[in-house]
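Chemist: Okay, here's what each chain looks like letter by letter:
Number of protein chains: 2
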Amino acid sequence: MQDQLSNTFAALADPTRRAILAHLALGESSVTELARPFEMSMPAVSKHLKVLERAGLIARGREAQWRPCRLEAGPLKEAANWIEEYRRFWAPYLDALERPTRSSPTKRKASGQRGPNRKRAKGETK
Amino acid sequence: MQDQLSNTFAALADPTRRAILAHLALGESSVTELARPFEMSMPAVSKHLKVLERAGLIARGREAQWRPCRLEAGPLKEAANWIEEYRRFWAPYLDALERPTRSSPTKRKASGQRGPNRKRAKGETK
Numbered sequence: 001m002q003d004q005l006s007n008t009f010a011a012l013a014d015p016t017r018r019a020i021l022a023h024l025a026l027g028e029s030s031v032t033e034l035a036r037p038f039e040m041s042m043p044a045v046s047k048h049l050k051v052l053e054r055a056g057l058i059a060r061g062r063e064a065q066w067r068p069c070r071l072e073a074g075p076l077k078e079a080a081n082w083i084e085e086y087r088r089f090w091a092p093y094l095d096a097l098e099r100p101t102r103s104s105p106t107k108r109k110a111s112g113q114r115g116p117n118r119k120r121a122k123g124e125t126k
Numbered sequence: 001m002q003d004q005l006s007n008t009f010a011a012l013a014d015p016t017r018r019a020i021l022a023h024l025a026l027g028e029s030s031v032t033e034l035a036r037p038f039e040m041s042m043p044a045v046s047k048h049l050k051v052l053e054r055a056g057l058i059a060r061g062r063e064a065q066w067r068p069c070r071l072e073a074g075p076l077k078e079a080a081n082w083i084e085e086y087r088r089f090w091a092p093y094l095d096a097l098e099r100p101t102r103s104s105p106t107k108r109k110a111s112g113q114r115g116p117n118r119k120r121a122k123g124e125t126k
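Residue numbers (my numbering), protein chains in the order written: chain A, 1 to 126; chain B, 1 to 126.
Since the hints were derived computationally from the structure, they do not count as laboratory data.
All values derive from a computational prediction rather than experimental measurement.
Mixed in with the good hints, there may be bad ones.
For identical chains, the list gives no copy identity; a pair is met inside one copy or between any two copies.
Under the rule of at most 25 Å between Cα atoms (straight-line distance), these lysine to any residue pairs were calculated in the SDA-like manner [unchecked claim]: (1) K47 with R70; (2) K77 with D3; (3) K50 with A91; (4) K50 with P68; (5) K50 with F89; (6) K50 with E33; (7) K50 with P92; (8) K50 with R87; (9) K47 with H23; (10) K50 with Q4; (11) K77 with S41; (12) K50 with Y86.
Extracted from the complex, chain A is given alone in its bound form (with noise of 0.2 Å):
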């Protein structure tokens, strides 16, 4: 038996589920709704909203025909803590992709650049 967070991830590996839980983000909803956006029958909706439901990321309601989908934030939430664990972590990694967009107030390392490496300024002689 898989471990919940891992039934976490894995319902979150599809984009239609991760479609279908936009759209209940924004409140809850019938089966017929949430496969409106998509082009797919409605027994494949049925087997993603099956896996989502199985992974704790869904609830549905009882009432007789229609039986509303809810979204249910908890698993999602530990899913963002496991990542947010390790964000101290692999942020640094990603300073070598890009540059951070957040305004520091000093930015140390970007003045005044004096090693050999420096990119001599144009017009600048030796």
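Given chain A's structure and the hints, the job is docking chain B onto it.
Modeler: Frame of chain A; chain B shown alone:
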């Protein structure tokens, strides 16, 4: 072909792979080192590494024998972003489950006890 975000979540949907990423968050590592904490054959560990590598979550050095693994933070950030994007929607659902635990920087309640239960300072007279 699966989209990047689906690949990332699928790769995260396994406790061993998450443990490997947690280890690599501390720094690059050889496959032998990565295999040590798990009671697992080297081919089994290699299989997990291949999944992580295909998902772009790790990269491997080209040094002949050693080929150290290192974390690639980009896809993790993308996954974090996806969950965060919907936090404002799913967070309210959590309020019903738990009280927020974040400690506020100003503890108004604690400061300036002036009520009748305030402890008298040493030497203070009635």
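Chemist: Against the structure, test the hints numbered earlier, and report the numbers of the ones violated in rising order.
Modeler: 11
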